[in-house]
Amino acid sequence: MAGINPFVRDEGGQWILLSGLIIAVGLIVLSILLNQAMMAGGRSPEAILKFPKDDIREFRWEVHRWAHHNVSRLSDGAYISNLTNQTMLLYGSRGISVNLSVLDVNATNQTANLTLFITDGPTTCNFRREYVDCIHESI
Amino acid sequence: MRTLFHDVQGQLHTIEGLAAAGIMIATLLLVMEGAVVVTPQTGLVLDANLKQIGDDALTVLDTNDPFDGIILKHYVALWNNTTTNEIIYDTIIFGNSSGNALNRSLSYLLPDDVLFNLDFIYVNDSTTDEVTVRRVIDNGEPGVDAVVSRRLVTLFANESGYPLSAYWNSTVFLNDPQVVEVRLTLWQV
Chain P
1 MAGINPFVRD EGGQWILLSG LIIAVGLIVL SILLNQAMMA GGRSPEAILK FPKDDIREFR
61 WEVHRWAHHN VSRLSDGAYI SNLTNQTMLL YGSRGISVNL SVLDVNATNQ TANLTLFITD
121 GPTTCNFRRE YVDCIHESI
Chain E
1001 MRTLFHDVQG QLHTIEGLAA AGIMIATLLL VMEGAVVVTP QTGLVLDANL KQIGDDALTV
1061 LDTNDPFDGI ILKHYVALWN NTTTNEIIYD TIIFGNSSGN ALNRSLSYLL PDDVLFNLDF
1121 IYVNDSTTDE VTVRRVIDNG EPGVDAVVSR RLVTLFANES GYPLSAYWNS TVFLNDPQVV
1181 EVRLTLWQV
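So the sequence lines, in the order shown, correspond to chains P and E.
Under this note's numbering, the first residue of the first sequence carries the number 1, and numbering increases by one thereafter.
Under this note's numbering, the first residue of the second sequence carries the number 1001, and numbering increases by one thereafter.
No wet-lab data here; the hints were simulated from the structure.
Note that CB positions come from ideal geometry on N, CA and C, so glycine has one too.
Careful: at least some of the hints might be erroneous.
[Stated by the list, open to error] These stretches of chain E come out as covered by chain P in the derived footprint (C-beta under 8 Å, 3 or more residues):
| id | region |
| --- | --- |
| 1 | 1017 to 1029 |
| 2 | 1162 to 1170 |
[As the list claims (entries may be wrong)] Mimicking DMTMM-like on lysine to aspartate or glutamate, the simulated pairs with C-alpha atoms at most 20 Å apart in a straight line are:
| id | chain 1 | residue 1 | chain 2 | residue 2 |
| --- | --- | --- | --- | --- |
| 3 | E | Lys1051 | P | Glu11 |
| 4 | P | Lys53 | E | Glu1141 |
| 5 | E | Lys1051 | P | Asp120 |
| 6 | E | Lys1051 | P | Asp104 |
| 7 | P | Lys50 | E | Asp1056 |
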């Protein structure tokens, strides 16, 4: 027996060794989970603040209000150009580009089809053939 | 005689000790890495929360009330190019004649530890492309963590329920409505 390496021969404390290993692995897993949770907590508000959802919603909402105020006026080029120009300047003063085109207006049915565009650089949003129904929608 | 190189006892303990030290260092590194990434971003949570509070306050004012109509639009329509903090509108229910009614409405809607400024921004004349910024409520200099919430209000000529002030009457025409951006700047104290 003298020739056998004591490292191989020693069989004592196996449970202690195994439990130590399990605890260590558990600690690593918990640390990774904690790390990921903290990262997620930091990323969410960053995404909220950077994504211009309020600007997109506000622009779309306001255009719907213009239509609801008087849908037949949307076919008046000078009228819609005045509204669009002011909105472009207001948004443009803080680096956001917006545009609006009126595709068609049905004064009898009180409906309109519009195209809305808004971009702040990283985020671009297109509403193609945005349908506005001034009778059945409530603003 | 046992020397450093000939002693074969306790090898498992040595390896176990080394492994434990490695695991502890790895754990510490992981936790510290997380803390370094997260610490500067905790302020963003407060900013996002404050912005939401501002958006909610403006949403309440911008909602169509069956009796009063859109309160925010009333405020904007009756603003007569007055100087900062003067009375804008004082006849609606939660306005008050003893001060700037819009200031009071927003003070009711916002928490006590939040201060705010309010500006009306509009294109003075569409042909000159000039954007005018007018401070309507001034509660001081915004702090470093100030956030901004915005709403658009469009004033139309002869719109029933929303009489225009003399100032807007001189700028709003049937073919040229006025788009006004209401900008609320909030900060915590």
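To see whether the hints hold, each was checked on the structure:
Look at the region 1017 to 1029 of chain E against chain P: 5 of its residues bring a Cβ nearer than 8 Å to a Cβ of that chain, three or more, so the hint holds. Counting residues of the region 1162 to 1170 of chain E whose CB lies closer than 8 Å to any CB of chain P gives 0, which falls below the minimum of 3, so the coverage claim is violated. Note on E:Lys1051 and P:Glu11: the hinted pairing is violated, with a Cα-Cα distance of about 63 Å set against a maximum of 20 Å. Restraint check: the Cα-Cα separation between P:Lys53 and E:Glu1141 comes to about 27 Å, which exceeds 20 Å; the hinted pair is violated.
The hinted pair formed by E:Lys1051 and P:Asp120 meets the criterion: a straight-line CA distance of about 19 Å does not exceed 20 Å. Restraint check: the Cα-Cα separation between E:Lys1051 and P:Asp104 comes to about 37 Å, which exceeds 20 Å; the hinted pair is violated. Between the alpha carbons of P:Lys50 and E:Asp1056 the distance comes to roughly 18 Å, so the proposed pair stays at or under 20 Å and holds.
The structure fails to meet hints 2, 3, 4 and 6 from the earlier list, while all remaining hints are met.
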